[in-house]
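Novice: Sequence:
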Amino acid sequence: MLRAAVAIVTLTAVLYALISLARLIQNVDAAHSLGFYRAEISECLPSHGLLTLALRLSQLSYRPGEVDPEVSEEQHVHGVDSTYARCGVAGGQSFVAFAGTHDVRNLRTNVLMAQVPRDGGKVHAGFEWAYRSVQDDVRGWAAGRQGPILVTGHSLGSALSQLCALDLAQQGHKVVNISFAPPRVGDEQWAGKFDSAVPRALHLHAKSDPITRLPPHSRGYRHTRRHFLVGKPCTRVLL
Numbered sequence: 001m002l003r004a005a006v007a008i009v010t011l012t013a014v015l016y017a018l019i020s021l022a023r024l025i026q027n028v029d030a031a032h033s034l035g036f037y038r039a040e041i042s043e044c045l046p047s048h049g050l051l052t053l054a055l056r057l058s059q060l061s062y063r064p065g066e067v068d069p070e071v072s073e074e075q076h077v078h079g080v081d082s083t084y085a086r087c088g089v090a091g092g093q094s095f096v097a098f099a100g101t102h103d104v105r106n107l108r109t110n111v112l113m114a115q116v117p118r119d120g121g122k123v124h125a126g127f128e129w130a131y132r133s134v135q136d137d138v139r140g141w142a143a144g145r146q147g148p149i150l151v152t153g154h155s156l157g158s159a160l161s162q163l164c165a166l167d168l169a170q171q172g173h174k175v176v177n178i179s180f181a182p183p184r185v186g187d188e189q190w191a192g193k194f195d196s197a198v199p200r201a202l203h204l205h206a207k208s209d210p211i212t213r214l215p216p217h218s219r220g221y222r223h224t225r226r227h228f229l230v231g232k233p234c235t236r237v238l239l
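In the working numbering, the protein residues as written are 1 to 239.
DSSO-like, lysine-lysine: derived pairs with alpha carbons at most 27 Å apart: (1) Lys174 - Lys193; (2) Lys207 - Lys122; (3) Lys122 - Lys193; (4) Lys207 - Lys193; (5) Lys122 - Lys174.
It is worth saying that the hints were derived from the structure and are not from the lab.
Just so it is clear, the structure is predicted and the values come from calculations on it, not from any experiment.
Whenever a hint applies, use it, and build me the whole structure from the sequences.
Specialist: Right, here's the structure in full:
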């Protein structure tokens, strides 16, 4: 029985690593994976400014060296295993945008699927480790900011954005969390805590994206209630 459990855990980790490696290849510019969401937003929610901005910032997070003339008060935050967050203000909107898998070192973050305690529940050890490495810098940047902070990201960045959104909400900030292609971050208790603390959240995923089905339910992972499938018919959401 123990050997079977270890084998399942190992196979799951290998599967996640292989999918993450494929995502790494795709995400050189993040255009391949994010193109679907761009089309969905354009067709179904063309006037939703926050969604459009979140998508643009998620793409921008993959290009830390690129200067965006529309972004001010910018801070680049780097953590373990190439964890990266871009903080700033765009169009008057404060934001924190996390990059997804963009470096082979991110693979270690993805496959550390054991659960560790956080915020009254348990979360993915790799995601927690990565976010904790940038947590103080992100909190420092957010300190004293007025109005809601948009927290966004894609794939691995989506997972980090959820941890960040809950963290900033518990620090007393108003937060809007919009993310794309999210993996599962924590257990049922953690997901419930997130849903209560961050009511303005939207996690969009495509049915064909295997990352959104990992880590598996069998390991105790659950999505938040703000998790929506996009595609036909058009997704209708409110933030």
